[in-house]
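Novice: Letter by letter, the chains look like this.
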Amino acid sequence: DQQVKQNSPSLSVQEGRISILNCDYTNSMFDYFLWYKKYPAEGPTFLISISSIKDKNEDGRFTVFLNKSAKHLSLHIVPSQPGDSAVYFCAASAKRPGAGSYQLTFGKGTKLSVIP
Amino acid sequence: DTEVTQTPKHLVMGMTNKKSLKCEQHMGHRAMYWYKQKAKKPPELMFVYSYEKLSINESVPSRFSPECPNSSLLNLHLHALQPEDSALYLCASSPLGRGLRYGYTFGSGTRLTVV
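Going down the list, the protein sequences come from chains A and B.
Under my numbering, the residue at position 16 of the first sequence is numbered 92, and the numbers go up by one with no gaps.
Under my numbering, the residue at position 70 of the second sequence is numbered 79, and the numbers go up by one with no gaps.
Treat the hints as calculated values from the structure; they're not laboratory data.
One side of the interface only, derived from the structure: several residues of chain A facing chain B at Cβ under 8 Å:
id, residue
1, 112
2, 117
3, 167
4, 172
Every residue gets a Cβ at the ideal spot worked out from N, C-alpha and C, and that includes glycine.
Taking the hints into account, I'd like the entire structure generated from these sequences.
Specialist: Rendered as structure tokens:
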């Protein structure tokens, strides 16, 4: 059962335009939602997060929107730059029962290509 | 220091070899993780250590043996691996006791090839 879903494996956007990456989830107990960026042969890098009690968080060119009723979040990148080309993973945090620690559950990722 | 350092970056090993992956962090994080990532797949959780004790083992085969010698170090001992174990192995760390607002800090990974 996939609790975090990214249904678009890839996305191509022209430089300067908006990139919108989408993510759906099923578990209502997630407390934070996060976006990671990953280049080939490197570890994922934290980009931005949003609390489950918020509906928007902005950091520079990156904005994450959360729609709790639809169990949907999206990452907007404006304006898109060629250096943004990478795989973007959506992740969600929840406390692991009996373990005392929080755990991230990842989506399958969306490969963003920003075309100059 | 805001990094997680993994060594080696690349490792090729035979199916009868014994090798170890190493991970180090000096951020004072008391949770450390091992993830496995195959191409075009999300990272898959293998082990979680909380306060240097193993708290989660995601039914990982015994040919993978984790070890946490102290709060800064995490090892993954490998023995009698199979070619299908070839993957990028990621170490991560995070604070304990509160939600993952800033997620994990990941290392750059060890690219393992089993021949």
